[in-house]
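Engineer: Listed below, chain by chain, are the residues.
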Amino acid sequence: DAMVIQNPRYQVTQFGKPVTLSCSQTLNHNVMYWYQQKSSQAPKLLFHYYDKDFNNEADTPDNFQSRRPNTSFCFLDIRSPGLGDAAMYLCATSRGGARTDTQYFGPGTRLTVL
Amino acid sequence: AQSVSQHNHHVILSEAASLELGCNYSYGGTVNLFWYVQYPGQHLQLLLKYFSGDPLVKGIKGFEAEFIKSKFSFNLRKPSVQWSDTAEYFCAVQTSGGGADGLTFGKGTHLIIQP
Numbered sequence: 002d003a004m005v006i007q008n009p010r011y012q013v014t015q016f017g018k019p020v021t022l023s024c025s026q027t028l029n030h031n032v033m034y035w036y037q038q039k040s041s042q043a044p045k046l047l048f049h050y051y052d053k054d055f056n057n058e059a060d061t062p063d064n065f066q067s068r069r070p071n072t073s074f075c076f077l078d079i080r081s082p083g084l085g086d087a088a089m090y091l092c093a094t095s096r097g098g099a100r101t102d103t104q105y106f107g108p109g110t111r112l113t114v115l
Numbered sequence: 006a007q008s009v010s011q012h013n014h015h016v017i018l019s020e021a022a023s024l025e026l027g028c029n030y031s032y033g034g035t036v037n038l039f040w041y042v043q044y045p046g047q048h049l050q051l052l053l054k055y056f057s058g059d060p061l062v063k064g065i066k067g068f069e070a071e072f073i074k075s076k077f078s079f080n081l082r083k084p085s086v087q088w089s090d091t092a093e094y095f096c097a098v099q100t101s102g103g104g105a106d107g108l109t110f111g112k113g114t115h116l117i118i119q120p
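Each protein sequence line maps, in turn, to chains A and B.
Using the numbering used here, read the first sequence as starting at 2 and increasing by one per residue.
Using the numbering used here, read the second sequence as starting at 6 and increasing by one per residue.
It is possible that part of the hints are untrue.
Quick list of the computed label-pair ranges, beta carbon to beta carbon [unchecked claim]:
(1) B/T35 - A/Q15: 30 to 36 Å
(2) A/T61 - B/G58: 33 to 39 Å
(3) A/E58 - B/G46: 27 to 33 Å
(4) B/E93 - A/R100: 35 to 41 Å
(5) B/K74 - A/Q15: 46 to 52 Å
(6) A/R111 - B/E20: 26 to 32 Å
(7) A/N64 - B/S10: 41 to 47 Å
(8) B/Y32 - A/K53: 39 to 45 Å
(9) B/P120 - A/K18: 26 to 32 Å
Hints in this document: simulated from the structure, not taken from any laboratory.
Being a predicted model, the structure only gives us computed values, none of them experimental.
Glycine included, each C-beta is placed from N, C-alpha and C at the ideal position.
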């Protein structure tokens, strides 16, 4: 089945130690998104790629970076994780190009910072 | 910037009860509206969506939602809930650019259906 896959599902890192989260998709969608969802809060968009074009949200901290080496994969890099970065990180995709596109979500990666 | 408000953070109902979850958004322009559901241990799934046309939209599993533009609302309804509807429900808005624009979510409503 076509889907959005996130690895790992659970990630533990130490304070200040760089960590990378992975997302892949078999939908051949043009757009890939990263959302951060802290406990009891709404998912919040960090950034997205439209093909190779990177679009950062204005309030996304510089500590968060992203890479999209090809259509299928997108990575979220947290350069120096702080305790406040512990959250569920959601990857989503959409076809892009039409006003009526739907976003499809992966299962998320729960990040714990020790 | 747009925002989404879900009025009820926790709702507990008995099976066969009727459900209405409130969602209001703040944005003056044209919007796309969505309800997503997250069952325990699973990923966010699209329940229904509104882009234009008939303001009453029907989704999967007997859910429906009504867009009332004058009230900036998009409330979710189901006439008779089942135990399997226990989940987290998120309302989301996308501004009129649509396409690649991200979603702005509400904080979610945790729905528990008691047998």
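Engineer: Taking the hints in turn, state whether each one holds.
Structural biologist: Structure-based check of all given hints:
no., hint, result
1, B/T35 - A/Q15: 30 to 36 Å, "violated, 46 Å"
2, A/T61 - B/G58: 33 to 39 Å, "holds, 34 Å"
3, A/E58 - B/G46: 27 to 33 Å, "holds, 28 Å"
4, B/E93 - A/R100: 35 to 41 Å, "violated, 27 Å"
5, B/K74 - A/Q15: 46 to 52 Å, "holds, 49 Å"
6, A/R111 - B/E20: 26 to 32 Å, "holds, 31 Å"
7, A/N64 - B/S10: 41 to 47 Å, "violated, 29 Å"
8, B/Y32 - A/K53: 39 to 45 Å, "violated, 29 Å"
9, B/P120 - A/K18: 26 to 32 Å, "violated, 45 Å"
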